[in-house]
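Chemist: Residue numbers (this note's numbering), protein chains in the order written: chain A, 223 to 528; chain B, 223 to 528; chain C, 223 to 528.
One or more hints might be untrue.
[As the list claims (entries may be wrong)] Among the chain B residues that face chain A by a calculated CB cut under 8 Å, a handful are: (1) T227; (2) Y231; (3) E268; (4) L270; (5) L308; (6) L382; (7) E384; (8) G388.
[To be verified] Listed below are the simulated SDA-like cross-link pairs for lysine to any residue, each with C-alpha atoms no more than 20 Å apart in a straight line: (9) C:K498 / A:S275; (10) A:K498 / B:S310; (11) A:K242 / B:N387; (12) B:K498 / C:D269; (13) B:K498 / C:G517; (14) A:K498 / B:T267; (15) B:K498 / C:G273; (16) A:K498 / B:V277; (17) B:K242 / C:Q476; (18) C:K498 / A:L274; (19) C:K484 / C:G517; (20) B:K242 / C:G517; (21) A:K498 / B:S309; (22) B:K311 / A:N387; (23) B:K498 / C:T267; (24) A:K498 / B:S265; (25) C:K498 / A:E268; (26) A:K498 / B:S375; (27) A:K478 / A:G245; (28) B:K498 / C:S386; (29) C:K498 / A:G466; (30) C:K242 / A:L274; (31) C:K242 / A:F339; (32) B:K498 / C:L274.
Think of the hints as simulated: they come from the structure by calculation, not from any bench. Even glycine gets a Cβ: it sits at the ideal position worked out from N, Cα and C.
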Amino acid sequence: SAQSTVNLYGLIDLSIGSNKAPGGTRLRDVDSGKMTTSYLGFSATEDLGSGLSAVVKMEHFLRADTGEAGRFGGDTFWARTAHVGLSSKAAGTVTLGRNTTPLFVATLRMNAFGDSFGYSPSIRHFFTSGTVTGDTGWSDSILYTSPRWGGFSFGLIGALAEGSNGRNWGMNAGYADGPVAATVTLQSVKKDGTAAVADTRTWQLGGSYDFGAAKLFGQYGRVKNETVVNQYRITEIGAKVPVGAGAVLAQWGQIKPDTGAKRDTLSLGYDHNLSKRTDVYAVAMRDHVAGLSTGLGYALGVRHRF
Amino acid sequence: SAQSTVNLYGLIDLSIGSNKAPGGTRLRDVDSGKMTTSYLGFSATEDLGSGLSAVVKMEHFLRADTGEAGRFGGDTFWARTAHVGLSSKAAGTVTLGRNTTPLFVATLRMNAFGDSFGYSPSIRHFFTSGTVTGDTGWSDSILYTSPRWGGFSFGLIGALAEGSNGRNWGMNAGYADGPVAATVTLQSVKKDGTAAVADTRTWQLGGSYDFGAAKLFGQYGRVKNETVVNQYRITEIGAKVPVGAGAVLAQWGQIKPDTGAKRDTLSLGYDHNLSKRTDVYAVAMRDHVAGLSTGLGYALGVRHRF
Amino acid sequence: SAQSTVNLYGLIDLSIGSNKAPGGTRLRDVDSGKMTTSYLGFSATEDLGSGLSAVVKMEHFLRADTGEAGRFGGDTFWARTAHVGLSSKAAGTVTLGRNTTPLFVATLRMNAFGDSFGYSPSIRHFFTSGTVTGDTGWSDSILYTSPRWGGFSFGLIGALAEGSNGRNWGMNAGYADGPVAATVTLQSVKKDGTAAVADTRTWQLGGSYDFGAAKLFGQYGRVKNETVVNQYRITEIGAKVPVGAGAVLAQWGQIKPDTGAKRDTLSLGYDHNLSKRTDVYAVAMRDHVAGLSTGLGYALGVRHRF
Numbered sequence: 223s224a225q226s227t228v229n230l231y232g233l234i235d236l237s238i239g240s241n242k243a244p245g246g247t248r249l250r251d252v253d254s255g256k257m258t259t260s261y262l263g264f265s266a267t268e269d270l271g272s273g274l275s276a277v278v279k280m281e282h283f284l285r286a287d288t289g290e291a292g293r294f295g296g297d298t299f300w301a302r303t304a305h306v307g308l309s310s311k312a313a314g315t316v317t318l319g320r321n322t323t324p325l326f327v328a329t330l331r332m333n334a335f336g337d338s339f340g341y342s343p344s345i346r347h348f349f350t351s352g353t354v355t356g357d358t359g360w361s362d363s364i365l366y367t368s369p370r371w372g373g374f375s376f377g378l379i380g381a382l383a384e385g386s387n388g389r390n391w392g393m394n395a396g397y398a399d400g401p402v403a404a405t406v407t408l409q410s411v412k413k414d415g416t417a418a419v420a421d422t423r424t425w426q427l428g429g430s431y432d433f434g435a436a437k438l439f440g441q442y443g444r445v446k447n448e449t450v451v452n453q454y455r456i457t458e459i460g461a462k463v464p465v466g467a468g469a470v471l472a473q474w475g476q477i478k479p480d481t482g483a484k485r486d487t488l489s490l491g492y493d494h495n496l497s498k499r500t501d502v503y504a505v506a507m508r509d510h511v512a513g514l515s516t517g518l519g520y521a522l523g524v525r526h527r528f
Numbered sequence: 223s224a225q226s227t228v229n230l231y232g233l234i235d236l237s238i239g240s241n242k243a244p245g246g247t248r249l250r251d252v253d254s255g256k257m258t259t260s261y262l263g264f265s266a267t268e269d270l271g272s273g274l275s276a277v278v279k280m281e282h283f284l285r286a287d288t289g290e291a292g293r294f295g296g297d298t299f300w301a302r303t304a305h306v307g308l309s310s311k312a313a314g315t316v317t318l319g320r321n322t323t324p325l326f327v328a329t330l331r332m333n334a335f336g337d338s339f340g341y342s343p344s345i346r347h348f349f350t351s352g353t354v355t356g357d358t359g360w361s362d363s364i365l366y367t368s369p370r371w372g373g374f375s376f377g378l379i380g381a382l383a384e385g386s387n388g389r390n391w392g393m394n395a396g397y398a399d400g401p402v403a404a405t406v407t408l409q410s411v412k413k414d415g416t417a418a419v420a421d422t423r424t425w426q427l428g429g430s431y432d433f434g435a436a437k438l439f440g441q442y443g444r445v446k447n448e449t450v451v452n453q454y455r456i457t458e459i460g461a462k463v464p465v466g467a468g469a470v471l472a473q474w475g476q477i478k479p480d481t482g483a484k485r486d487t488l489s490l491g492y493d494h495n496l497s498k499r500t501d502v503y504a505v506a507m508r509d510h511v512a513g514l515s516t517g518l519g520y521a522l523g524v525r526h527r528f
Numbered sequence: 223s224a225q226s227t228v229n230l231y232g233l234i235d236l237s238i239g240s241n242k243a244p245g246g247t248r249l250r251d252v253d254s255g256k257m258t259t260s261y262l263g264f265s266a267t268e269d270l271g272s273g274l275s276a277v278v279k280m281e282h283f284l285r286a287d288t289g290e291a292g293r294f295g296g297d298t299f300w301a302r303t304a305h306v307g308l309s310s311k312a313a314g315t316v317t318l319g320r321n322t323t324p325l326f327v328a329t330l331r332m333n334a335f336g337d338s339f340g341y342s343p344s345i346r347h348f349f350t351s352g353t354v355t356g357d358t359g360w361s362d363s364i365l366y367t368s369p370r371w372g373g374f375s376f377g378l379i380g381a382l383a384e385g386s387n388g389r390n391w392g393m394n395a396g397y398a399d400g401p402v403a404a405t406v407t408l409q410s411v412k413k414d415g416t417a418a419v420a421d422t423r424t425w426q427l428g429g430s431y432d433f434g435a436a437k438l439f440g441q442y443g444r445v446k447n448e449t450v451v452n453q454y455r456i457t458e459i460g461a462k463v464p465v466g467a468g469a470v471l472a473q474w475g476q477i478k479p480d481t482g483a484k485r486d487t488l489s490l491g492y493d494h495n496l497s498k499r500t501d502v503y504a505v506a507m508r509d510h511v512a513g514l515s516t517g518l519g520y521a522l523g524v525r526h527r528f
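Extracted from the complex, chain A is given alone in its bound form:
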């Protein structure tokens, strides 16, 4: 209970806006997490000497518009992360418990809208379009993250079957140096917690280049659903253009399934920083699924990191 070692942190993102899913009806709402899912976290680090340290993290998602715990009804309390591990400057970090997947981290890093479940076409196409199964954090998992060697780094994750129909595993390798960054990620999913889910295999390439006047993003990937036998080709491009104390954000992406409807999504926005920790944003999205009325959304929001 040495208090100085514990960090208490989080982010609340709330907005007013309007949402119409493809084929759905419009709903005006106050909503939480349109740019970043709101959360509260606790972490601790202890220096064990010789470049080794112990790390602990617990992170809780919440819907700040209603005060409800979790991202949805029935979500686990510490769904964002819950782990303990050992970190070595020379040899990397191993954490045990509920860990964020490398695929999710790669997806959020290589698009202009980051980890926005509301407005990032990349997140939408890889994670909420009937594509990748499993969650963005895996229970019962072991995550290894390498140190950075001259710009290179890699990660490995595995989640034990624990009586479900198989293990999950994932890996990514990345390079980042000055203006350039690139990643390649693989992932195989058979379960979500203890629930068996459709087997999916995913690969994704991503890259970004910062020209200064603009940072450009690109992603290409395939998700193969081996249970229902379908394959999704996903292409994403975006840009972040610094303007004043903020940035104009633009991102476009497309899913082409072997079987089923094509989806095209375009998001545009302006994110204005009031400080390092507080920003206000105005974002809009056009989300088209072939054969359905076009989805439309916009949000005016405020986000505070603490």
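Knowing the structure of chain A, use the given hints to seat chains B and C on it.
Modeler: Positioned in the frame of chain A, the structure of chains B and C alone reads:
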């Protein structure tokens, strides 16, 4: 994660006592929140310059007698509040999310037993006698609170319909200067979260005067239920008399419905401060509903703010 | 909200291992709390002068392998403890709310594997072998803990019936001086929260002696189930042998019921301290219930206190 900016605070109120609801049977119990509903809170404030700041708050109710989350089974985790907003010294504060209603704040301020769901006749009559619908905090809401201009201030709240059968709104105006304080509050409710509830419209006048030897309180209000067509007239008077390191508390109130039984409630107590943050209390209540055996309760408790 | 008075603390224990319950099948898993159930806590203390202080505690169990709240699905959020009380250096401490039972504290103190629900034969035999009813923490309870008078101390706990089929009560007396420690504990259970449970009466004797080269532990107790009419005789012996920066742990125990199968459990392990707050462990258990295939388990884990 700059820890110094985050406040961790709360209150635990536990007591031993006995409760008999009108028409009910007596139950001896250890209970939580008889004087103030126990809670745990996290808040952060960031100075943005020019008198502007960012504010975040998350507050969780708990039943400390059993360790259960929420005020009741199925309550949302962050039911007390969950919001982010911007506060300007000159222009006031706007917060988005789950906000406490001005009606609840006015009710607790203008009676001797404050926000006591156990022993305040005012809280009981306005909020838990089949009168005001909706909760004391509104999901999906926007709250504006004005600065204080020479003793005057006002507040506005609105909660979006979000697919339910209509919006909620409320407003209050207040004056406070030296020994005198007065408020007028209006409120209209159609929903509680996403659940449609009986439409109620409420107005309330409240005032207090601090004579030094005693502080007197008075409230009058009407709650109109437009769904079942009934109206409740509510009258409340009370006094807080400083004695030693504490105060004697007395509060009496009455509900007269157009249709249904009259209710008279009298609470008496002594609240003794062991410090600014810890007090012990002895309180009793007589709660009479016409046609039912009289309700009776008492509690001996301890309350700590941290 | 004076932040300096609030402590934020806890423990995360995660391991990789394999478990086979007696008569069950083997499951390899990442699991939480094999040596100590993972938890997060908040506490506050206020000095009231004259040797008196106010104390508040809220402690939340979690399953860090999946991020789920509680020890099991449906567990209360603050199941570990939730109380407020007054503590006097001269007269002892009284806390109201959800309190840990003296029987659980005595059981964990007098065995080599402490409060390990995964690997302590003592905890397993007294609390998870169909023996003691009720939980290790009691809702609606009042706990008195005496100061220490020349090595002697005692505790009393009572939980009000609150409409269930009776009260719970417990008491313990202990002596600790230099290398020697001894306890005697009694407990009677009729309810768990508001749920009526089988009436059980328990007595337990425990002792330890620290020879320096090894600390030895012994426990003997009886649990009488008065609802189904059965009695369990429980014998436990163990040793903790300091080796390097850690200790070898060994504990063996047996249950002999009047009716039903005998159970023998042996646990062995090595716990290595990386620091005062971080340790890694390797533990194994053989758990035999007459007539069933032998249970076996092992775990390699890391535990961090913060």
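Chemist: Please go over all the hints and tell whether each is borne out by the structure.
Modeler: Hint by hint, here is what the structure shows:
1. T227: 6 Å, holds
2. Y231: 12 Å, violated
3. E268: 6 Å, holds
4. L270: Nearest chain A Cβ about 5 Å off; hint holds.
5. L308: With a minimum Cβ separation of about 7 Å from chain A (threshold 8 Å), the hint on L308 (chain B) holds.
6. L382: 5 Å, holds
7. E384: 5 Å, holds
8. G388: 13 Å, violated
9. C:K498 / A:S275: 13 Å, holds
10. A:K498 / B:S310: Status holds; Cα separation ~18 Å.
11. A:K242 / B:N387: The hint holds at about 19 Å.
12. B:K498 / C:D269: Holds - the C-alpha atoms of D269 (chain C) and K498 (chain B) are around 11 Å apart, at most 20 Å.
13. B:K498 / C:G517: Not OK: K498 (chain B) and G517 (chain C) at ~56 Å, beyond 20 Å, violated.
14. A:K498 / B:T267: Cα-Cα ~13 Å, so holds.
15. B:K498 / C:G273: 17 Å, holds
16. A:K498 / B:V277: 14 Å, holds
17. B:K242 / C:Q476: Violated. K242 (chain B) to Q476 (chain C) sits at ~48 Å, over the 20 Å cutoff.
18. C:K498 / A:L274: 14 Å, holds
19. C:K484 / C:G517: 14 Å, holds
20. B:K242 / C:G517: At roughly 51 Å apart (the allowed maximum being 20 Å), G517 (chain C) and K242 (chain B) break the hint.
21. A:K498 / B:S309: Holds. K498 (chain A) to S309 (chain B) sits at ~17 Å (cutoff 20 Å).
22. B:K311 / A:N387: Violated, because 58 Å separates the two Cα atoms, which is more than 20 Å.
23. B:K498 / C:T267: The given pair, whose Cα atoms are some 13 Å apart, holds under the 20 Å limit.
24. A:K498 / B:S265: 18 Å, holds
25. C:K498 / A:E268: 10 Å, holds
26. A:K498 / B:S375: 32 Å, violated
27. A:K478 / A:G245: 18 Å, holds
28. B:K498 / C:S386: With Cα atoms ~37 Å apart, K498 (chain B) and S386 (chain C) exceed 20 Å; violated.
29. C:K498 / A:G466: 49 Å, violated
30. C:K242 / A:L274: Judged against 20 Å, a Cα distance of about 34 Å means the pair is violated.
31. C:K242 / A:F339: 40 Å, violated
32. B:K498 / C:L274: 14 Å, holds
Checked against the numbered hints given earlier, this structure breaks hints 2, 8, 13, 17, 20, 22, 26, 28, 29, 30 and 31; the rest are met.
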